[in-house]
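S.K.: Chains as they are written, first to last, in the working numbering: chain S, 2 to 131; chain G, 258 to 488; chain A, 403 to 674.
Hints are computed from structural coordinates only; laboratory data are not their basis. A portion of the hints provided could be inaccurate.
Unchecked claim - Partner residues aside, some chain S positions facing chain G, computed with beta carbon under 10 Å: (1) Ala10; (2) Ile12; (3) Val47; (4) Gly63; (5) Tyr66; (6) Thr96; (7) Phe97; (8) Ala100; (9) Gln108.
Said to hold, decoys possible - For lysine to any residue, the following SDA-like pairs were computed, each having C-alpha atoms within a straight-line distance of at most 20 Å: (10) Lys95/S - Gly63/S; (11) Lys409/A - Cys267/G; (12) Lys669/A - Cys267/G; (13) Lys668/A - Ala401/G; (14) Lys669/A - Tyr358/G.
For clarity, every value in this text was computed on a predicted model and none was experimentally measured. The C-beta atom is built at its ideal place from N, Cα and C for all residues, glycine as well.
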Amino acid sequence: MRWQFSNDAPIYTQLIRQIKVGIVSGGFPPGERLPSVRDLATEAGVNPNTMQRALMELERDGLVYSQRTAGRFVTEDKAMIETAKRGLAERHIKTFLEAMLNLGFQQEEIVSLLRQETGEEETNHVSSGM
Amino acid sequence: MSVLECKDLCKSFGHAQALDHVSLAVEPGRIVGLLGPNGSGKTTLIKLANGLLTPSSGEITVCGMAPGRESHGLVSYLPERTSIPTWMTTTQLLDFYGDFYSDFRRDAAEEMLAHLNIQSRQRIKQMSKGTREKVQLIMVMSRAAKLYLLDEPIGGVDPATRDYILSTIIGNYDPEAAVVISTHLISDVEKVLDEVIFINQGRLVLQSSVDDIREEKGMSVDELFREVFKC
Amino acid sequence: MLRKLLKHEFRATGRIMLPLYLILLVTSFGANLSARGLLNTQYRILDVLGVLLVMAFGIAICAVCVMSMVVMVQRFYKNLLQDEGYVMLTLPVSVHQHIWSKLIVSAVWFALTLGMVILASCIVAFDIDFIKYFFQGLGELFGELRHVEAYYAINGTAIALEFVVLCFLGCCAMCLMFYAALAVGHSFANHKMAWSVAWFFIFQFAINILGSAVIIFADATGLDYFLTNYIHFGFMAGIHAAMIFMIICVVVYGAVFYGVTTFFLKKRLNLE
Numbered sequence: 002m003r004w005q006f007s008n009d010a011p012i013y014t015q016l017i018r019q020i021k022v023g024i025v026s027g028g029f030p031p032g033e034r035l036p037s038v039r040d041l042a043t044e045a046g047v048n049p050n051t052m053q054r055a056l057m058e059l060e061r062d063g064l065v066y067s068q069r070t071a072g073r074f075v076t077e078d079k080a081m082i083e084t085a086k087r088g089l090a091e092r093h094i095k096t097f098l099e100a101m102l103n104l105g106f107q108q109e110e111i112v113s114l115l116r117q118e119t120g121e122e123e124t125n126h127v128s129s130g131m
Numbered sequence: 258m259s260v261l262e263c264k265d266l267c268k269s270f271g272h273a274q275a276l277d278h279v280s281l282a283v284e285p286g287r288i289v290g291l292l293g294p295n296g297s298g299k300t301t302l303i304k305l306a307n308g309l310l311t312p313s314s315g316e317i318t319v320c321g322m323a324p325g326r327e328s329h330g331l332v333s334y335l336p337e338r339t340s341i342p343t344w345m346t347t348t349q350l351l352d353f354y355g356d357f358y359s360d361f362r363r364d365a366a367e368e369m370l371a372h373l374n375i376q377s378r379q380r381i382k383q384m385s386k387g388t389r390e391k392v393q394l395i396m397v398m399s400r401a402a403k404l405y406l407l408d409e410p411i412g413g414v415d416p417a418t419r420d421y422i423l424s425t426i427i428g429n430y431d432p433e434a435a436v437v438i439s440t441h442l443i444s445d446v447e448k449v450l451d452e453v454i455f456i457n458q459g460r461l462v463l464q465s466s467v468d469d470i471r472e473e474k475g476m477s478v479d480e481l482f483r484e485v486f487k488c
Numbered sequence: 403m404l405r406k407l408l409k410h411e412f413r414a415t416g417r418i419m420l421p422l423y424l425i426l427l428v429t430s431f432g433a434n435l436s437a438r439g440l441l442n443t444q445y446r447i448l449d450v451l452g453v454l455l456v457m458a459f460g461i462a463i464c465a466v467c468v469m470s471m472v473v474m475v476q477r478f479y480k481n482l483l484q485d486e487g488y489v490m491l492t493l494p495v496s497v498h499q500h501i502w503s504k505l506i507v508s509a510v511w512f513a514l515t516l517g518m519v520i521l522a523s524c525i526v527a528f529d530i531d532f533i534k535y536f537f538q539g540l541g542e543l544f545g546e547l548r549h550v551e552a553y554y555a556i557n558g559t560a561i562a563l564e565f566v567v568l569c570f571l572g573c574c575a576m577c578l579m580f581y582a583a584l585a586v587g588h589s590f591a592n593h594k595m596a597w598s599v600a601w602f603f604i605f606q607f608a609i610n611i612l613g614s615a616v617i618i619f620a621d622a623t624g625l626d627y628f629l630t631n632y633i634h635f636g637f638m639a640g641i642h643a644a645m646i647f648m649i650i651c652v653v654v655y656g657a658v659f660y661g662v663t664t665f666f667l668k669k670r671l672n673l674e
């Protein structure tokens with residue numbers, strides 16, 4: 002997994018998003034045990050406390066659960082992962098739409114442009130490789 | 258209890274005021290960046306905490322005691338330049354640290370040295386400057402200390418080494434301990450910090466958590482630093 | 403902790419001193435060989451070789467003596483006042499222990515150097531007529547001295563012992579003077595080495611002045627007169643008293659330099 006950080010948001014919120022992407026995309030499959038906080042932090046090059054905070058938030062959302070001795074695991078609840086996937090997609094679409102509106106496109110134009118780009122196929126929620 | 262605490266700490270060299278009424282506290286379990294331009298007093302502060310200098314006035318305590326023989330056993334210090342005895346072989350260096358520090362984790366150190374392909378009979382003298390720096394960092398991070406004082410650990414090294422150094426620090430410090438990293442290369446360490454302390458011309462400018470800075474000001478510590486210390 | 407310091411100190415210095423001792427012993431064998439047969443042969447080459455071997459021995463003796471001094475000064479300077487000082491002075495060890503470890507190790511090397519020089523000289527002298535005669539002569543001289551001793555009822559052994567103690571303590575005090583000069587000199591911001599040398603001469607000068615002052619004082623107040631005439635020191639007792647007085651003086655100025663060194667290492671340290 003590749004970790005990248007921008008300057009505008011707190012590190013832990015960026016970590017949350019990136020771990021979510023990992024879970025949704027299958028980088029961390031459902032039910033799998035996550036590496037230890039320190040290992041994850043070392044891999045991402047971030048402070049272990051920050052990583053801990055991000056995982057706690059994910060735990061609160063239910064995407065991750067911890068077992069007292071065995072460590073942290075990705076949820077097995079497929080529906081929940083699907084919801085998270087939706088959530089991420091909606092955010093991407095929102096920013097995409099904002100950018101397009103800023104450029105002066107109308108809603109219909111945007112949809113037709115998307116159709117063209119993806120080859121006339123029925124495309125609903127797939128964000129086209131932004 | 259604070260691991261490192263300064264109260265009205267002043268240090269002057271002749272007429273030059275290196276530290277001017279600095280008061281701050283570092284709590285256990287935190288990684289703190291001691292940030293400031295060159296010559297702002299970072300090294301002076303760290304040397305004072307190590308008892309290598311004595312305060313002109315004010316107070317500095319490490320785990321509640323004045324720097325000295327006892328506090329030295331709790332602090333793991335990486336000086337700004339490599340200072341391990343160069344005549345020693347790696348094994349002798351491990352003996353040395355093991356003899357003097359009861360918290361030295363020799364097996365951890367050996368593992369890290371093996372990872373760098375450093376032979377046990379190799380003398381420090383025969384190593385390149387970069388390797389010596391890494392070896393000293395390994396010695397410092399192999400201790401289960403209460404406070405790690407790292408003076409410019411990433412100054413003047415290439416980006417790959419920088420990553421190695423930072424991951425060595427994160428991967429090895431004791432979670433109960435505090436880590437103080439002094440540097441002026443902020444963008445490189447920002448991700449690993451809980452808290453930052455800005456000092457300039459011997460004065461404390463700001464002490465804040467990194468998340469707070471990003472959340473409240475909407476900018477990275479690096480950007481804030483550039484703004485605060487604009488020339 | 404002092405024991406651990408000593409262990410690493412011996413490791414650091416032994417790697418220089420032990421090979422030097424070995425060289426000294428080897429050259430002393432060479433000198434012995436040349437004195438036995440190589441000098442005054444018909445072959446010039448062998449003569450030259452003989453001279454070279456004797457010269458090598460002379461150089462080795464000088465080298466060992468000089469190096470034991472150099473190692474003493476250099477260990478203190480490099481290990482505590484240069485870069486290594488960052489590591490050494492942040493060990494969980496007191497400044498006193500640092501100074502004692504340096505002092506003890508230097509003293510041991512001084513004593514060993516003396517021992518090795520005597521041993522090497524014995525090796526050179528081994529089984530050679532000339533030197534046998536020399537020692538015979540020396541023995542006769544000592545024999546004569548023993549008569550003198552009997553005559554004056556001198557306790558020669560005690561005086562010799564006092565002399566050895568004085569020399570040994572003198573060496574230690576001298577070490578401490580070097581340490582104090584370095585510690586004071588290195589508390590300055592610039593020209594640390596120049597200041598150290600300057601302070602060494604200042605200390606030396608101060609001791610000379612004080613020494614002369616004591617003599618002048620004794621002379622002016624008639625203290626010596628008092629001592630010799632009222633306490634009725636015999637000649638021997640006078641020598642003993644003088645020896646013990648000198649030993650006390652050496653210990654006192656050693657202690658002063660020890661105090662100066664600890665103060666400056668603790669309070670005025672300025673590593674750069």
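S.K.: Look at each hint and say if it fits the structure.
M.R.: Tested hints:
no., hint, result
1, Ala10, "holds (6 Å)"
2, Ile12, "holds (6 Å)"
3, Val47, "holds (5 Å)"
4, Gly63, "violated (23 Å)"
5, Tyr66, "violated (22 Å)"
6, Thr96, "violated (17 Å)"
7, Phe97, "violated (22 Å)"
8, Ala100, "violated (19 Å)"
9, Gln108, "violated (30 Å)"
10, Lys95/S - Gly63/S, "violated (24 Å)"
11, Lys409/A - Cys267/G, "violated (38 Å)"
12, Lys669/A - Cys267/G, "holds (15 Å)"
13, Lys668/A - Ala401/G, "violated (26 Å)"
14, Lys669/A - Tyr358/G, "violated (24 Å)"
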